[in-house]
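I would like the entire structure built from these sequences, with the hints used as guidance.
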Amino acid sequence: MANPIRVDSAGGEYMESVVVLEWTAKIGDAVKAGDLLVTVETAKAATEIEVPCDGYLTAIFAETGTEVPLSAVLGLIGVTVEDKAFEGAVAPVAPAPLTPGATAESPVSAAVSPQGSAANNRLIASPAARRQAVHQGVDLRGVRASSPTGRIKLRDLVQVPASQTYGLQAPALSTLPPDDHGPLKIYRSGPKTGTPLVMIHGFGADAQSWFPLERDLARSTPVIRIELPNHGQSPKRRVGSFANLARDITAAFDALHVDDAHIIGHSLGGACALSLADIRPRQIASLTLLAPGGLGAAINGGFVDGLARASRPESLGPWLRLMVADPKIIGDDFVVAAMASRADPTLRAAQQQMARDLFPDATQGFDLRAALARLHCPTRIIWGRADAVLPWQQALAAPGRIGLHLLEATGHVPQLERTDEVLAILRAQLREGVSS
Amino acid sequence: MAMMRYAEALNAALREEMTRDPSVFMFGEDIGRYGGVFKVSKGLMDEFGESRIRDTPISEQAMTAMAVTAAMTGTRPILEIMYADFIPLCMDALVNQASVFGYLWEGQVNMPFVLRTQGGGGVGTGAQHAKSLDSFLAHIPGIKVVAPVTPADAKGLLKAAIRDPQPVIFLEHKLLYNLRGEVPEGDDHIVPIGKARIVQSGKDVSIFATSKMVIEAEAAAKLLAKDGIDAEVIDLRTLRPLDLASIKASIAKTHHAVVVNEGWTFCGYAAELSATIMDHCFDDLDAPVMRVAMPDMPIPYSEPLELAVIPNAAKIAAAARRALA
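Quick mapping for you: the protein sequence lines, in order, are chains P and H.
Position in the first sequence counted from 1, then plus 7, gives you the numbering used here.
Position in the second sequence counted from 1, then plus 54, gives you the numbering used here.
For the record, the hints were derived by calculation from the structure and aren't laboratory data.
Keep in mind that the hints are not guaranteed to be accurate.
[Claimed, not checked] Label-pair restraints from in silico Cβ distances:
(1) H:333 to P:411: 47 to 57 Å
(2) P:198 to H:352: 51 to 61 Å
(3) H:257 to P:33: 24 to 34 Å
(4) H:307 to P:143: 11 to 21 Å
(5) P:183 to H:333: 34 to 44 Å
(6) P:200 to H:306: 30 to 40 Å
(7) H:329 to P:189: 33 to 43 Å
(8) H:361 to P:411: 40 to 50 Å
(9) H:178 to P:439: 20 to 30 Å
(10) P:26 to H:279: 51 to 61 Å
(11) H:280 to P:33: 36 to 46 Å
All C-beta atoms, glycine included, are put in the ideal place defined by N, C-alpha and C.
Quick look at the structure:
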C-alpha cells in the first residue's frame, strides 16, 4: 500500500488551491522521510513539502504547473518501486483556472475544503445527488465523484451500471395483487402539539404492534405511527428494493409536514428510520433503533420466510416464539390474534414478495452502516442479546457516539419483553433530542 | 415607451405621483434649488413649489423622524438621504418608530413613506461614501426594501413604493443614474414590490443579484457562455420581502446558486440569501451556495484598490465555475 503525498500539511493559510512549482525527485527515485520532495505555491508563499516516509516515488498526479485543490493527492510514495496501490486514489483534476480579477482574497467564501469521498470514510455527495440516488435506488458508495472537490454530484449519477443498484432482479410472485400506489397508512394519537414521535414497525408486524409503548408515550407526546407498504392497512405494492421502501417512508414523512420529529424504528422499520434520518437529517430530533436491519448481512432467513408464509396459527406460533427470549410470553391467544391480523392471503403474498426483494437468499440486501456513521442526531440502539432474528453483534458497527443498550435475556422485540426498560431509554432520548 | 436615463425615470415617477396625489411631498439635502446631487429632483421645485419640494439642513436623524411623523399624520413623504453611508444616522426612527408603530397601535396608523438613498462604490468616493448597507435595512421587520436596476423598474418601483402603506427603503446606486433604457410612459406603470425579474433564462447555474451587481451578473453570464455554461440571471429587485417562489423555481431547474451583493460578506445580504436557499432548496442543491460580496474591510479610496475589492463579473463567473466544478 503506497502512501499519499498531500498538500494539506502545507500550512494553515486561507487558501483553496495550490500550484505545483517543482518536483525534486523523478518517478522511481528512492526517497527518504524528511527530504524536500515538492514545492508548491500557496496564496502567500512557496511551501516545501517533505517526503512523508521512506520509499520510492511511484506516481506523480500533479505535474509542475498544475493547480490542485488543497487536500489533493499529489503523488504516491510506494514501499517498492512498483507499489502504486492506494485506497481511494483519485488523480486530481485541475480546477478551472482562476479568472483574472478573481484574486486570492476573492470573497467567494462558500467553497468547501475539498475532501475526497474516501476521506474519513464519510461519503460526500450533494443534497441533490443524495435525493437522486434514493430515486434511482443507487448506492452512492459505488459512484465515483468527477468533481475536484471529491463531492458526488448529480451528473455522476446519470449512467450507473445496473450492478451497482440494489437487487431488482427477484422474480415476482404470480399471486400478487395489482400495485396500489396510494399513501402509506398513518395513525396519530396523543397531544396535538409538541415534537412528535414517529414510529416505524418491523417486517411482518403492523402499527398495532407498538401498543405497549404507544399507550404510555401518547399521554405526553404526539405519536405518529407509519405502516410499511404491504403491512396492516397500508397499500400493497411491489417495493422491489430497499431504496424504494426508503423513498416510500420519506414521502410519508414529508406528507406529515413536521419540522422536527423523534424517530423510532424496529427491525426493518429501524432500517427505514435510519435511512429517513440520513435523508432528512435536519428534521430529526433523535433516532432510536430497536434491533435494526441494515447493519450487517446476516438475518435468520427461515424466520423471515416462515413469518411471511404462515397461513395458520400452528405455523405462525413457532416463528413468533423465536422472536422472544422467553417463549412463554407468546401465548396461544397472542398467536391467534396475530394470525387474524394476517388473514388476508394477498397481504401474505405481498409480504413474501417483499421478503424476497429485501432479503434475497437469507441475506440483508441493503447496508446502512455508512448512513449510521453519518448521523448527527442523538441516536441510541437497543438490542436483545438473545435475538434469534438479527445478531445483536451487528450493533457494534455503530460509531462510539451512538449509545448502545444491549439487553440481557431479551429477543428480537425488546419493546415487548422489556417494555419498561425501553420506555425509560426512550424517555431519556426524547428529553435529550429536545434539548439538543 | 420612451428612452430615458435611470435618474430621469425616477424624476418622471416623482412628477407623476406628486401630480396624482397632493399628499405626496419630498424633502432632503440639496434636492430643491440644486435639483439633487444626482439630479433626480431636477425641476420639481419650480413645478410643485417650496412646500412640496423642501431643502433641509444636514440632520438625517431629524429628517427621518420627520418622515415618520408626516406619514403618521396623513401625508406621503419621500425622504432623500444623499448617501446610504449616512443610513446609521436614520436608524432609530426606522428601527424603533417606523417599523413598529403600526404594531404598537394595532394598525391604527399607516406609515406610507419612502426613504430614497443611493449607495455602492466604483468611482473613488472612499470609505464614507461608497458603502452598500442593504443588510442593515433588510434586517428590519416591517420595512420593505427595493433596489431597481433598470430605468423602467426604477420608475415602476418608485411609484409602487410611494403608494405602499408601509415604509419602503428605495435603494439606488450611484453608477446606475446614467444607465439608459426604455421606460413605459404614463401613470399605470407600476412594478409590484416583492417580484424578482428573470434577466436571462439559463439551465446550468442561477445567479441571484441585487442592484448594480445585476449588471455584473449579466456580464458574468456572457463570460460563462464562452465556456458553454448557460447561466440564469435573476434581479431580485425587492430585497424584502423576498420573492422566494422565483428563487425556488430557478434552483429546481439549475441546482446551482451564486448569490451576489455589494455589501460586506459577514452577516451580509448575500449570507441571508444563502441561508434562505439552504432552508428552502437544500435537496435541490448540487453544490454549496456560492457567495460573492464585499470583503470585510473599509472601501479603499484608491480606485485600483477599490475596483479590486468590489464584486465584479470575473468574481461572479469564478464563483459559478466553482459551483459547477
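Notebook entry, point to check: Range hint 51 to 61 Å: satisfied by the CB atoms of residue 198 of chain P and residue 352 of chain H?
Noted result: Check passed, 54 Å falls within 51 to 61 Å.
Check: CB of residue 361 of chain H to CB of residue 411 of chain P, is that within 40 to 50 Å?
Finding: This hint is violated: roughly 59 Å between Cβ atoms.
Next item on the list: With 24 to 34 Å as the target window, see if residue 257 of chain H and residue 33 of chain P comply at their CB atoms.
Entry: With Cβ atoms ~46 Å apart, the hint is violated.
Check: So the hint says 33 to 43 Å: do the beta-carbon atoms of residue 329 of chain H and residue 189 of chain P match that?
Finding: Hint holds: Cβ distance 36 Å, inside 33 to 43 Å.
Check: Would you say the C-beta atoms of residue 178 of chain H and residue 439 of chain P sit inside 20 to 30 Å of each other?
Finding: violated (57 Å)
Note to self: Quick check on a hinted range of 34 to 44 Å for residue 183 of chain P and residue 333 of chain H, using CB atoms only.
What the structure shows: Distance hint for residue 183 of chain P, residue 333 of chain H holds at roughly 42 Å.
Checklist line | residue 143 of chain P and residue 307 of chain H - C-beta distance against the hinted 11 to 21 Å | finding: holds (20 Å)
Next item on the list: Evaluate the given range 47 to 57 Å for the C-beta pair formed by residue 333 of chain H and residue 411 of chain P.
Entry: violated (34 Å)
Note to self: A range of 36 to 46 Å was offered for this pair. Does it hold for the Cβ distance of residue 280 of chain H and residue 33 of chain P?
What the structure shows: Holds - the Cβ-Cβ distance for residue 280 of chain H and residue 33 of chain P, about 38 Å, lies within 36 to 46 Å.
Notebook entry, point to check: Do residue 200 of chain P and residue 306 of chain H keep their Cβ atoms within the hinted range of 30 to 40 Å?
Noted result: holds (32 Å)
Checklist line | CB-CB spacing for residue 279 of chain H and residue 26 of chain P relative to the 51 to 61 Å hint | finding: violated (27 Å)
Of the numbered hints listed earlier, those contradicted by the structure are 1, 3, 8, 9, 10.
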